[in-house]
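Asks: Chains A and B, in that order, are what the protein sequence lines are.
To convert, note that position 116 of the first sequence is 120 in our numbering; the numbers rise steadily by one, no gaps.
To convert, note that position 83 of the second sequence is 125 in our numbering; the numbers rise steadily by one, no gaps.
Some clues are possibly wrong.
Stated by the list, open to error - Here chain B is said to cover these stretches of chain A; the calculated rule only asks that three of the stretch's residues, wherever they fall, bring their Cβ under 8 Å from a Cβ of chain B:
# : region
1 : 27-41
2 : 51-60
3 : 149-157
Stated by the list, open to error - Here are a few chain A residues that face chain B, going by a calculated C-beta distance under 10 Å:
#  : residue
4  : R13
5  : Q19
6  : L22
7  : T80
8  : I87
9  : T108
10 : I124
11 : A135
12 : L137
13 : T138
14 : K182
15 : L184
16 : N189
Hints were generated in silico from the structure; no laboratory data involved.
The beta-carbon is built from N, C-alpha and C at its ideal position, and this holds for glycine as well.
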Amino acid sequence: MNDLSVLQRIHTGDQVALEEVYLKFHNEFLGLILRKFNKLTREDAEDIFSESMVALYENITNGRLNDKNLSSTLKTYLFQIGINKTLAFVKKDSRFNDIKIEITKNSEIFYDEDDESLEIETENKYRMVEACLTDLGNPCKRLLELHYYHRKRMIEIAELLNYKNADVAKNQKSKCMKRLRKLFNKN
Amino acid sequence: MENEENYIEFIENYLANKLTKNEAQEFEELCQNNEGFKSLYLDIKTILPGIQYSTKKEIKSSLKKMGLEQFSNDDIELYKQKADQIDLQKSFGVKISPKEAKQVHFIPPKNQKTTSWFSYKTMAIAASIALLIAAYLVFSTPKSESLYDLAYNEIGQGPYTYINSDDENLTVVRGAEAEKLESIKQQAYNAYSLGQYKNAIDFFNEVLEKDEDRKVKFYLGNALLANNQPELAIPVFNEILAKSPGEYEPRTKWYLGISFLKNGELEKAELILKDLAVNGKDSYKGKAEKILQEF
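Make a model of the complete structure from these sequences and hints.
Replies: Dropping the structure here:
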């Protein structure tokens, strides 16, 4: 598995590539943090790793990480995100009050903050959107996800969802958005 | 609503910061003069991050499920042993040690007698140096500034987000005077959510002259804080707390604490945040606990 080709595959939206990376480093990363922070449970570690993977994915799709600026290996990059996420997790958890953590070298990897620190009020609103999306169903749900989360262009969406062309996809997107808003306002 | 499709794209571009100066101005005018547009904007502002939130959650949980299904604890055990060869500090710049190490141990000089010739004069000089250092700490309070930054920008993620909560839609407006007040209120919230804190402050104050509205007051405090006027935000937050704050209590205490930090009043900040950590109920309790660890 070559790092650069994996990056490109993930960038084009290849979910399989993302899963391959996940499975490849899963045990090594979980072993590392479970050993170094021995009060973490398997469940905690799974949460941290899946979150790190999503952060890696977002950095690739938003262009922050590309084949030109990957200065280390993809593994080092992912593990650095993972360690940062672990520290953030440990910091919030009183089980770890007995250890002291010092950061001796600042990580140069940036990623978007998690939803965990959301206001309860805001999170409830997002949950409402989540429920509306489920009600909306596919293909609308998938289309909106592809456009607003995976940052796909209309032409790519047309291809993925079998629309005739980008205009049809765009038209469809507007309709889906209208329906979603209607559902949102009903609640 | 007419033009809804075009407007959605316009709003998306606004939220992504992609509008030119002229377009942004047009956007703000629409927001102020067109009710339909404004409510579309407020919906989209929640729906877009909501879609992202929901998609992200789905991917996370499907990855997690895959990990749990494919690997047993024994698979991981092997790597736990390998982890002993990894130095976290060397590889990731992170040093972990037991907390006890944090305490500063004062080691008394071994030979007390040899130091007993210390004259009172030397002691006096040492004492005044200590005083100077203490004074420096009190007046410059760099700690307070860094705690403020941590609390406001990292834990709290910047100014309080304006949410058009449902209670406003239920407001029944009677009479021209009340209608006018309601419109100023809306202008205030608009300005606030667009980050125009100076304008928002003026509007909020105008409303408060006629109507003691707790929510308006809370946003006034936040606008003042965001506008770098913590000294003015403090009395506003205190006023809310003095008059049955209700559901506003935890968040008001949190932003009062932050205002104290911003204003360099570390002790007062600690007091109110401790209160919040002990008596708070919602997410602000956790936030207070988090920041107190850094004190």
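Asks: Hints first: check each against the structure and report whether it holds.
Replies: Here is how each hint holds up against the structure:
1. For the region 27-41 of chain A, the stated coverage by chain B is satisfied: 11 residues place a CB nearer than 8 Å to a CB of that chain, which reaches the threshold of 3.
2. Requiring three or more residues with a Cβ within less than 8 Å of a Cβ of chain B, the coverage given for the region 51-60 of chain A holds, as 6 such residues are present.
3. For the region 149-157 of chain A, the assignment as covered by chain B holds, since 4 residues bring a beta-carbon within under 8 Å of that chain's beta-carbons and 3 suffice.
4. Annotation: interface hint on A/R13 violated; nearest CB of chain B at approximately 16 Å, more than 10 Å.
5. Annotation: interface hint on A/Q19 holds; nearest CB of chain B at approximately 9 Å, less than 10 Å.
6. Interface hint status for A/L22: upheld, as the beta-carbon distance to the closest one in chain B is roughly 8 Å, under 10 Å.
7. For A/T80, the shortest C-beta to C-beta distance to chain B is roughly 8 Å, which falls under 10 Å, so the interface hint holds.
8. Given hint, A/I87 at the interface with chain B, holds; its Cβ is 5 Å from that chain's nearest Cβ, closer than 10 Å.
9. For A/T108, the interface hint holds, since its Cβ comes within 10 Å of a Cβ in chain B; the closest pair sits about 5 Å apart.
10. Because the smallest distance between the Cβ of A/I124 and any Cβ of chain B comes to about 5 Å, under 10 Å, the interface hint for this residue holds.
11. Residue-level restraint check for A/A135 holds (minimum Cβ-Cβ distance to chain B is 9 Å; threshold 10 Å).
12. Taking 10 Å as the C-beta cut-off, the interface hint given for A/L137 holds, the closest approach to chain B being about 6 Å.
13. Taken as an interface hint, A/T138 checks out: its beta carbon lies about 8 Å from the nearest beta carbon of chain B, inside 10 Å.
14. The beta carbon of A/K182 comes within 6 Å of a beta carbon in chain B, closer than 10 Å, and the hint placing it at the interface holds.
15. Given the 10 Å rule on beta carbons, the hint for A/L184 holds: about 6 Å separates it from the nearest Cβ of chain B.
16. Taking 10 Å as the C-beta cut-off, the interface hint given for A/N189 holds, the closest approach to chain B being about 7 Å.
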